[in-house]
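Engineer: Residue numbers (this note's numbering), protein chains in the order written: chain A, 6 to 216; chain B, 6 to 216.
Keep in mind that the hints are not guaranteed to be accurate.
For identical chains, the list gives no copy identity; a pair is met inside one copy or between any two copies.
Said to hold, decoys possible - For lysine-lysine, the following BS3-like pairs were computed, each having C-alpha atoms within a straight-line distance of at most 25 Å: (1) K210 x K176; (2) K106 x K210; (3) K176 x K101; (4) K176 x K7; (5) K76 x K93; (6) K106 x K176; (7) K101 x K7; (8) K210 x K170; (9) K101 x K210; (10) K93 x K7; (11) K7 x K170; (12) K170 x K93; (13) K176 x K93; (14) K210 x K7; (15) K176 x K76; (16) K106 x K170; (17) K76 x K7; (18) K210 x K76; (19) K76 x K106.
Think of the hints as simulated: they come from the structure by calculation, not from any bench.
Protein chains: 2
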Amino acid sequence: MKPSFDPAFRAQFRELVLWRRDVRRFRRDPVPRERIDALIEIATHAPSVGLSQPWRFVHIESPERRTAVIKSFTGANERALAGYSGEKQETYASLKLEGLKEAPVHLAVLSDDGTHTGSGLGQQTMPETLHYSVVAAIQTLWLAARADGIGMGWVSILDPAAVTKALDVPKNWSLVAYLCLGLPAEEHLDPELERHHWEQRTDLKDVVFTR
Amino acid sequence: MKPSFDPAFRAQFRELVLWRRDVRRFRRDPVPRERIDALIEIATHAPSVGLSQPWRFVHIESPERRTAVIKSFTGANERALAGYSGEKQETYASLKLEGLKEAPVHLAVLSDDGTHTGSGLGQQTMPETLHYSVVAAIQTLWLAARADGIGMGWVSILDPAAVTKALDVPKNWSLVAYLCLGLPAEEHLDPELERHHWEQRTDLKDVVFTR
Numbered sequence: 006m007k008p009s010f011d012p013a014f015r016a017q018f019r020e021l022v023l024w025r026r027d028v029r030r031f032r033r034d035p036v037p038r039e040r041i042d043a044l045i046e047i048a049t050h051a052p053s054v055g056l057s058q059p060w061r062f063v064h065i066e067s068p069e070r071r072t073a074v075i076k077s078f079t080g081a082n083e084r085a086l087a088g089y090s091g092e093k094q095e096t097y098a099s100l101k102l103e104g105l106k107e108a109p110v111h112l113a114v115l116s117d118d119g120t121h122t123g124s125g126l127g128q129q130t131m132p133e134t135l136h137y138s139v140v141a142a143i144q145t146l147w148l149a150a151r152a153d154g155i156g157m158g159w160v161s162i163l164d165p166a167a168v169t170k171a172l173d174v175p176k177n178w179s180l181v182a183y184l185c186l187g188l189p190a191e192e193h194l195d196p197e198l199e200r201h202h203w204e205q206r207t208d209l210k211d212v213v214f215t216r
Numbered sequence: 006m007k008p009s010f011d012p013a014f015r016a017q018f019r020e021l022v023l024w025r026r027d028v029r030r031f032r033r034d035p036v037p038r039e040r041i042d043a044l045i046e047i048a049t050h051a052p053s054v055g056l057s058q059p060w061r062f063v064h065i066e067s068p069e070r071r072t073a074v075i076k077s078f079t080g081a082n083e084r085a086l087a088g089y090s091g092e093k094q095e096t097y098a099s100l101k102l103e104g105l106k107e108a109p110v111h112l113a114v115l116s117d118d119g120t121h122t123g124s125g126l127g128q129q130t131m132p133e134t135l136h137y138s139v140v141a142a143i144q145t146l147w148l149a150a151r152a153d154g155i156g157m158g159w160v161s162i163l164d165p166a167a168v169t170k171a172l173d174v175p176k177n178w179s180l181v182a183y184l185c186l187g188l189p190a191e192e193h194l195d196p197e198l199e200r201h202h203w204e205q206r207t208d209l210k211d212v213v214f215t216r
């Protein structure tokens with residue numbers, strides 16, 4: 006039977022989207038594996054081009070592998086900092102951009118670029134839709150996590166080749182996102198980058214057009 | 006005040022994710038522009054790398070531009086069909102892959118690749134995260150639409166260069182998705198591609214790993 010979603014649900018869904026946040030301050034309390042895998046189950050109902058379902062979720066439990074990822078972040082972050090100057094550099098240096106050391110859960114999300122699932126339907130003129138499918142799963146996971154009281158952060162300041170190597174996954178899998186999950190140490194409605202004056206929200210009239 | 010999401014909301018959120026569906030069969034009833042723009046407003050609260058908010062939403066109202074998009078689909082779809090053979094080709098030919106002619110709303114979603122918003126934060130080693138941010142907004146829009154009883158379909162069988170040209174947008178904007186929206190003519194829990202035996206759901210154990 007077709008479900009219907011009432012105004013109260015819709016209002017709460019909007020609140021969920023607004024409160025999602027990229028979390029970089031985690032409590033160290035462990036989160037049971039089953040709780041994360043239940044979020045992944047929801048994420049696998051995201052749309053995928055041609056039903057290709059290219060997402061591969063890798064729990065990183067090995068301390069050595071985690072250390073390699075943190076090393077990759079540190080190097081990339083130092084190079085990024087060096088690329089800014091003056092006040093912007095000072096602001097950048099003051100931002101907390103990841104929670105890799107504190108987060109109890111590290112989850113890499115990759116795309117199996119060699120998958121035959123879906124038989125290539127919908128990918129022929131826009132092959133990037135394979136990775137886009139993985140991103141749709143990640144955003145679904147993010148919302149499901151927040152609804153369950155779990156915070157998530159997406160770390161993109163790292164060398165994807167170095168991280169993929171540290172993960173020891175098949176050659177044709179490519180890294181789409183490296184995620185940290187855990188209980189948030191604090192909760193905010195506004196993004197960290199807005200709160201610390203890195204950037205502001207864009208007005209709707211500047212992103213909606215008619216042709 | 007920090008919101009909390011109870012088990013009933015979480016169960017309904019999961020139902021929303023499962024019932025989302027890529028809709029290709031639309032009723033022709035018009036959908037008011039404000040209703041679509043309210044969905045876009047929610048989508049702009051999606052995560053974006055460095056708060057870059059690169060998403061640009063373009064309502065396509067001109068019949069000439071819509072015709073150009075349909076022409077691009079038709080050509081790409083014929084080429085795709087020719088690439089399959091035997092039974093797979095027959096199945097492909099029987100699938101309804103888009104609702105471009107019936108859908109009352111055509112919405113192109115592009116990335117402003119030249120934006121300075123966010124000052125490049127988080128994009129330096131993984132520049133693809135700019136487009137990924139746009140995809141996160143699209144999946145958010147998709148869920149918000151379904152919660153509001155509106156169906157959405159993502160058409161990727163088209164030539165992005167031809168479509169971008171038909172839209173007459175700034176040179177450094179690139180097409181991430183061409184979407185159709187409207188009231189669904191039918192509702193299904195299972196994907197069209199599963200119902201018509203193109204592909205099946207992958208088992209969870211084949212997509213979750215530990216390292």
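Engineer: Now tell me, hint by hint, if it's right for this structure.
Structural biologist: Against the structure, the hints come out as follows:
no.	hint	in the structure
1	K210 x K176	between (44 Å within a copy, 20 Å between copies)
2	K106 x K210	neither (40 Å within a copy, 28 Å between copies)
3	K176 x K101	neither (32 Å within a copy, 34 Å between copies)
4	K176 x K7	neither (42 Å within a copy, 43 Å between copies)
5	K76 x K93	within (24 Å within a copy, 47 Å between copies)
6	K106 x K176	neither (27 Å within a copy, 41 Å between copies)
7	K101 x K7	between (44 Å within a copy, 21 Å between copies)
8	K210 x K170	between (43 Å within a copy, 22 Å between copies)
9	K101 x K210	neither (30 Å within a copy, 35 Å between copies)
10	K93 x K7	neither (51 Å within a copy, 31 Å between copies)
11	K7 x K170	neither (45 Å within a copy, 39 Å between copies)
12	K170 x K93	neither (33 Å within a copy, 36 Å between copies)
13	K176 x K93	neither (38 Å within a copy, 28 Å between copies)
14	K210 x K7	neither (35 Å within a copy, 29 Å between copies)
15	K176 x K76	within (22 Å within a copy, 38 Å between copies)
16	K106 x K170	within (20 Å within a copy, 46 Å between copies)
17	K76 x K7	neither (49 Å within a copy, 34 Å between copies)
18	K210 x K76	neither (41 Å within a copy, 30 Å between copies)
19	K76 x K106	within (11 Å within a copy, 52 Å between copies)
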